[in-house]
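Chains as they are written, first to last, in the working numbering: chain A, 1 to 273; chain B, 1001 to 1069.
Simulated from the structure, these hints should not be mistaken for lab results.
Each residue gets a CB set at the ideal place from its N, CA and C atoms; glycine is no exception.
Treat the hints with care, since some could be wrong.
As the list claims (entries may be wrong) - To list a few chain A residues with every Cβ distance to chain B over 12 Å, as calculated:
hint, residue
1, SER52
2, VAL81
3, ALA192
Said to hold, decoys possible - Taking beta-carbon pairs under 10 Å as the criterion, some of the chain A residues facing chain B (in silico):
hint, residue
4, ASP92
5, VAL247
6, PHE251
7, LEU259
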Amino acid sequence: MSAATNAVLTAVLGSEGGEAFQPPGPESFELPPVFEIGSLEITKPMLLLAFSVPLIVGFFWAASRKQAVVPSKLQFAGEYVYGFVRNSIARDLVGSQYFIKFVPFLFTIFTFVLVNNYFSLVPFLQFPSFSRFSFAIPLALLVWVVYNACGVYKHGFFGYLKHVCVPPGVSGVILLLIIPLEFLSTILVRPATLALRLFANMFAGHLLLILFATGAAFLIFDSGNPWYAPVGVLSFILGILVSFLEVLVLFLQAYVFTLLTAMYIGGALSDEH
Amino acid sequence: MEISGSMNMIGYGLAAIGPGIGIGLIFAAYINGVARQPEAQSRLQSIAILGFALAEALAIIGIALAFVL
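Please take these sequences and the hints and turn them into a complete structure.
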């Protein structure tokens, strides 16, 4: 590269003025502990996770406290969420025969994931708990245990294995190929993708918000080149737009998580074809 | 100016094209189906979400590997 191009590049990019921009990465999610009990470090996502429980319980307790035929606004909101999970997730996907037993489980999962996701956009909290992978794993394992236990309860252990691994209408040599694939996809890949989907969406969404926010701050204040400021403002506006996208994504991930849970339970309970 | 970062992310960007197209096709078919027969929506929705979950699994495995490898 010639000296002239270098000079132009320096003038345009202002690399001499400010210090280098540090892009956010996975390390942005490793927050310092808020406080420690003995050797146990209590971090922000742990506190948020614990905080979400009294929040949910409090809301639905308040919503169901004064039950009336003509519901108050609060009761209506509570019943709307319950009705949504019960009718459009549980009844449609678990099947009308068994769904009522699973409504509490699905409802708990839905509200728990939803509230923890929306912590991402609440000012000062601003951290989705499930953007730490270790928080998503136990939830997915719980779902894994529940749907497999349902299948074993309904069909018996070997009956369930047959139900999972042997699709109806397949016979002969192709079974050699189908059985390992079906086993892999139903027993092993399902919990992994369930946990990873929730984690990756929360992680990527929050990373995007951090990137736009810190990028805007850097371009406006620290880049050492006043011509960067408009781009910084653009980055800031884009950050706001991405927040609106996040409102949708956060709900969608809670919905998809619950939907897939219901679908897996429904699949395990379904009759032999 | 120095640009630093992981080449993995470029690979992940390329790899995400496939699931992106797949998810687009799934929801295009879903919208088509609902437009033709609105009363089939609840039945089609679960199938569409299942297909979406399966196609998205590829993108998710991709992002996990992009960070891990």
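Results of checking the hints against the structure:
1. SER52: holds (24 Å)
2. VAL81: holds (19 Å)
3. ALA192: For ALA192 of chain A, whose nearest Cβ neighbour in chain B is about 8 Å away, the distance does not exceed 12 Å, so it is violated.
4. ASP92: With Cβ-Cβ at 5 Å, under 10 Å, it holds.
5. VAL247: Because about 19 Å separates VAL247 of chain A from the closest Cβ in chain B, which is outside the 10 Å limit, the hint is violated.
6. PHE251: Interface hint status for PHE251 of chain A: violated (14 Å vs cutoff 10 Å).
7. LEU259: Hint on LEU259 of chain A: holds, closest Cβ of chain B at ~5 Å, below 10 Å.
Of the hints listed earlier, those the structure fails to meet are numbers 3, 5, 6, in rising order.
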